[in-house]
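Protein chains in written order, with this note's numbering: chain A, 16 to 126; chain B, -11 to 110.
A portion of the hints provided could be inaccurate.
Claimed, not checked - Among the chain A residues that face chain B by a calculated CB cut under 7 Å, a handful are:
hint : residue
1    : S50
2    : L62
3    : Y65
4    : W107
5    : G114
6    : V115
7    : F117
8    : G119
Claimed, not checked - Cut-off 25 Å, straight-line C-alpha distance, at most; resulting in silico cross-link-like pairs (BS3-like, lysine-lysine):
hint : chain 1 : residue 1 : chain 2 : residue 2
9    : B       : K73       : B       : K33
10   : B       : K54       : B       : K1
11   : A       : K82       : A       : K32
12   : B       : K33       : A       : K61
13   : A       : K122      : B       : K73
14   : A       : K122      : A       : K32
Think of the hints as simulated: they come from the structure by calculation, not from any bench.
Ideal Cβ positions, reconstructed from N, Cα and C, are used throughout, including at glycine.
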Amino acid sequence: QSVLTQPPSVSAAPGQKVTISCSGSSSNIGNNYVSWYQQFPGTAPKLLIYDNDQRPPGIPDRFSGSKSGTSGTLGITGLQTGDEADYYCGTWDDNLSAGVVFGGGTKLTVL
Amino acid sequence: QLQLQESGPGLVKPSETLSLTCTVSGGSISSGAYNWGWIRQPPGKGLEWIGSISVHGRTWYTPSLKSRVTLSVDMSNNQFSLNLKSVTAADTAVYYCARPSGVIRHDAFDIWGQGTMVTVSS
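Okay, chain A solo, but in the shape it has when bound (with noise of 0.2 Å):
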């Protein structure tokens, strides 16, 4: 059971815009950042977005993120086949020391 909630899956059709939602608690998101993670089978995870929309050097405009109040927000607009991979939202919760937290994934599938 992880502490950020997330969809398992969501799917669209190339070229198409999806979102993944990433909802959490005042503790977690609702007090921290946001970030979001990139994961193709047998690879360590690729960050996409931190600090709720901010992109790393490299990453295509075509992802994007945001937040409001205890969720955050992955976009991804122009979808490609090559975006078929698990997608993860992650951020500090201060609950009890709990630390770093991750949503439990979500499978992009573009038909």
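With chain A fixed as given, assemble chain B onto it according to the hints.
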């Protein structure tokens, strides 16, 4: 550029101690006030943060593993290490070392090792 590489046994017996080392190359582990982290991922499951350590040796651990985990840092060899004692099959996972994107913080990991699979089995 900075690279991380995990190393250690791929097979550990139940009740024994899992020991992994992360070697930092392309830069100094003491450059900047980073909190170096360990994350694991059981087969087919999500990510779990294990803990972080600063170059001064201050540690932060996830509550569920705190009683079994010890992190340490070796600046002379540009390495940091993970010890997890009394392992069970539930500790079978890919273990990653990682560095956050900014100093002082513990999350938003932008540099990851390739990961090393550790299986707990007799």
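Hints versus structure:
Taking 7 Å as the C-beta contact cut-off toward chain B, the hint placing S50(A) at the interface holds, the least distance being around 4 Å. Nearest Cβ of chain B to the Cβ of L62(A): about 4 Å, under the 7 Å cut. The hint holds. With 7 Å as the threshold, the beta carbon of Y65(A) comes within range of chain B, its nearest partner Cβ sitting at about 4 Å, so the hint holds. Look at W107(A): its Cβ gets to within about 5 Å of chain B, closer than 7 Å, so that hint holds up.
Hint status for G114(A): holds, given a least beta-carbon distance of 5 Å to chain B, under 7 Å. The interface hint given for V115(A) is met, as the beta carbon of that residue sits about 4 Å from the closest beta carbon of chain B, less than 7 Å. A distance limit of 7 Å between C-beta atoms decides the matter here; for F117(A) the minimum to chain B is near 4 Å, and the interface restraint holds. Hint on G119(A) holds. Least Cβ distance to chain B is approximately 5 Å, under the 7 Å limit.
At roughly 22 Å between alpha-carbon atoms, K73(B) and K33(B) fall within 25 Å of each other, so this suggested pair holds. Between K54(B) and K1(B) the alpha-carbon distance is near 20 Å, which keeps this suggested pair within the 25 Å criterion. Of the pairs offered as hints, the one joining K82(A) and K32(A) holds, with about 18 Å between alpha carbons and a cut-off of 25 Å not exceeded. The suggested pairing of K33(B) with K61(A) holds, with an alpha-carbon distance near 17 Å, which does not exceed 25 Å.
Proposed proximity of K122(A) and K73(B) is contradicted: the alpha carbons are some 33 Å apart, above 25 Å. Between the alpha carbons of K122(A) and K32(A) the distance comes to roughly 15 Å, so the proposed pair stays at or under 25 Å and holds.
When each numbered hint is compared with the structure, a violation occurs for hint 13 only.
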